[in-house]
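Q: Listed below are the residues making up each chain.
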Amino acid sequence: MSTKQILEKFEPRRQNLLMILHALQDNHPQNYLTEEALGETAKHLKLTKSSVYGVAKYYTMFSLKPRGKFVIRVCVSAVCELMKGQEVIGHLENVLGIKSGETTPCGTFTLEIAECLGQCQEAPSMMINEKVFNHLDEQKIREVITEYRKW
Amino acid sequence: MIKETRITLKNVGKINPESIDDYIAAGGYAGLKKALKMEPFSIIDEVLEAGLRGRGGAGFSTGTKKKFTSKSCLTCPQRYVVVNADEGEPGTFKDRVIMENDPHLYIEGTIIAAFSINATKGFIYLRGEYTGSIDKTRKAIAAAYERGFLGKNILDSGFDFDLELKLGAGSYLCGEELTMLESLEGKRGHPRIKPPFPAEKGVFGAPTLVNNVETLSNVPLIIANGKDWYRQFGTERSPGTKIFTISGKVKNPGYYEVEMGVSLRELIWDLAGGMSGDKPFKAALLGGAAGTFVDASMLDERMTYDNLREKGATLGSGAVIVMEEGDSVYNILHNCLRFFKHESCGKCVPCRVGTSMLVKGTEKLRNGVPDKRALLDQMVHESEIMAATSLCPLGQSPILPLKSAARYFAEDLLI
Ligand SMILES: Cc1cc2nc3c(=O)[nH]c(=O)nc-3n(C[C@H](O)[C@H](O)[C@H](O)COP(=O)(O)O)c2cc1C
Ligand code: FES
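If you read the sequences in order, they're chains A and B. The first sequence: position 134 = 134 (the numbering used here), numbered continuously. The second sequence: position 46 = 1046 (the numbering used here), numbered continuously.
In short, the hints are calculated from the structure, not lab data. Bear in mind the structure is a predicted one, so any value in this text is a computation, not a measurement. You may find that some hints are simply not true.
Claimed, not checked - With a cut-off of at most 27 Å between alpha-carbon atoms, the simulated BS3-like pairs for lysine-lysine come out as follows: (1) B:Lys1341 <-> A:Lys99; (2) B:Lys1341 <-> A:Lys84; (3) B:Lys1187 <-> A:Lys4; (4) A:Lys46 <-> B:Lys1347; (5) A:Lys49 <-> B:Lys1187; (6) A:Lys131 <-> B:Lys1139; (7) B:Lys1121 <-> A:Lys65; (8) A:Lys140 <-> B:Lys1251; (9) A:Lys99 <-> B:Lys1360; (10) A:Lys9 <-> B:Lys1360; (11) A:Lys46 <-> B:Lys1251; (12) B:Lys1014 <-> A:Lys49; (13) B:Lys1033 <-> B:Lys1010; (14) B:Lys1194 <-> A:Lys57; (15) B:Lys1187 <-> A:Lys9; (16) A:Lys131 <-> B:Lys1014; (17) A:Lys46 <-> B:Lys1010; (18) B:Lys1403 <-> A:Lys84.
Claimed, not checked - Rough simulated footprint, nothing fancy, chain A against chain B, three-plus residues with beta-carbon under 8 Å: (19) 1103–1113; (20) 1221–1232; (21) 1294–1301; (22) 1331–1340.
Yeah, the Cβ is synthetic: ideal placement off N, Cα and C, and Gly gets one too.
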């Protein structure tokens, strides 16, 4: 869908800004908000470009730079730490060959950290795009990533 | 041996959350039907006398809040209900359980709440990462519109109410009610100065009732069954049930709905199956990052808002994070303080600078300062200054885990 088509689905009111940014980001194959998208949004809502940028920048789920097809969010909050979650990031970094915050050169994966995903009963946890993965250990991480690599 | 008392969770696992017919067959929307035949003020009185208290963490009387909101600014053309579904407190997942398994329950509660304060428009502010809850809620709202529980002239009562789903985007602070209102207006998540409270000046400047998902889920039950039925559960000052989410080193981590007033020991050993390994209990963090550490001396205290507050602990969101002997309270405290630093919005100086200083201080405790005791005292002092001077409750929170850890587990922090 084009930016225009998405914007037309929302009434031009500022209260729709976050929903618009979500929709635009989800629509982009690289899971991010382009300059063009922010500019068009500002025009649609009759806001300054800087205030749209300010909102996009504030919220951690929005990205202003290209990301992978799959965004991995690893929980680093208290319960996951208690359940040996610090190791999860390390395993993922090894398997993917990137550091937290980076995207694999092929553009498939981006590795990010997140706060409590509300999965604490099965910690440690992570999400890949919309899907949750719990009870993570090195073996499970390898399996999940291998599965996603096939896509 | 205590057992669960499932009232808000009674449908969990028993009905298809995507089927409104299942929900209705299980007695759903009966509360709404009854409410629409009542006078709005008598709905408020029923909730007030049932003694329901906010389940979002603060434990404020829900009936009183409704009363304020219904009476403020009578000339305002519009009032709103906002559902706080931004659940982000580490260790907490009770609202997710309701939203994923029985979404119509809290939607029904929201409609009743709206009718009682004469709000014709409402928002659900749901955290963006909760994809399962978003999906179920979206479908439930659509089904409720289809059946005439939402929209114009609800069940021929003459009452109109529109409910819209809005998504958060990864900010813990947006769970704080005034910050949530800013976010709903499409702005950065910066808190507002209180007062005015949402009841006076909420979203778009209009009187607004903000309630948590679990709080609202109790409302249909209270209206359908009456306040006396509700008061048979729990204690005099904390009636009803509470969903606790137990995680960490227990055999059966998960969610448990119990009558208010059970003890921590009962939660851990009767419900969660006891400790997961051979090691004894060491600590629990109650209420998440904005919560308090307790040691074994607190195991038999009643888990009610007032009793825990008197003992210097918190019930908060109902998170119970259990640690065993050998686990490091230092590490978990460090994690909580790091969390606050990450989530501080930077608007006010005490919180922006203070949350960073506390993380640095905690790290210094491990990197050989000569007088660790003095440093720890200094940190507690800093957190007191933050609590006194921060603009919003986020900056007022680090004192909770810090002071309680220093009180019960100083030896962990000072090694
Ligand atoms: C930093 C911060 C985060 C909060 N997060 C939540 C939350 O995720 N969910 C919630 O219901 N209340 C949260 N609260 C509490 C709300 O500000 C508010 O008290 C609550 O929505 C009131 O609803 P209740 O009376 O039904 O509990 C938070 C408070 C603070 C200070
Ligand atoms: S702390 Fe990681 S999912 Fe809750």
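Q: Now look at each hint and say whether the structure bears it out.
A: Hint by hint, here is what the structure shows:
1. B:Lys1341 <-> A:Lys99: With Cα atoms ~22 Å apart, Lys1341 of chain B and Lys99 of chain A stay inside 27 Å; holds.
2. B:Lys1341 <-> A:Lys84: Holds, at about 22 Å.
3. B:Lys1187 <-> A:Lys4: The given pair, whose Cα atoms are some 22 Å apart, holds under the 27 Å limit.
4. A:Lys46 <-> B:Lys1347: This hinted pair holds, its Cα atoms lying about 25 Å apart.
5. A:Lys49 <-> B:Lys1187: OK: Lys49 of chain A and Lys1187 of chain B at ~13 Å, within 27 Å.
6. A:Lys131 <-> B:Lys1139: holds, 18 Å
7. B:Lys1121 <-> A:Lys65: The hint is violated at about 36 Å.
8. A:Lys140 <-> B:Lys1251: Status holds; Cα separation ~21 Å.
9. A:Lys99 <-> B:Lys1360: holds, 23 Å
10. A:Lys9 <-> B:Lys1360: violated, 47 Å
11. A:Lys46 <-> B:Lys1251: Given that 27 Å is the threshold and the Cα spacing comes to 55 Å, the pair is violated.
12. B:Lys1014 <-> A:Lys49: Not OK: Lys1014 of chain B and Lys49 of chain A at ~49 Å, beyond 27 Å, violated.
13. B:Lys1033 <-> B:Lys1010: holds, 20 Å
14. B:Lys1194 <-> A:Lys57: holds, 26 Å
15. B:Lys1187 <-> A:Lys9: Judged against 27 Å, a Cα distance of about 20 Å means the pair holds.
16. A:Lys131 <-> B:Lys1014: Roughly 24 Å separates the two Cα atoms, so the pair holds.
17. A:Lys46 <-> B:Lys1010: violated, 47 Å
18. B:Lys1403 <-> A:Lys84: holds, 25 Å
19. 1103–1113: violated (count 0)
20. 1221–1232: Check failed, 0 qualifying residues.
21. 1294–1301: Since three or more residues must qualify, the claim that chain A covers the region 1294–1301 of chain B is violated, with 0 doing so at under 8 Å.
22. 1331–1340: holds (count 5)
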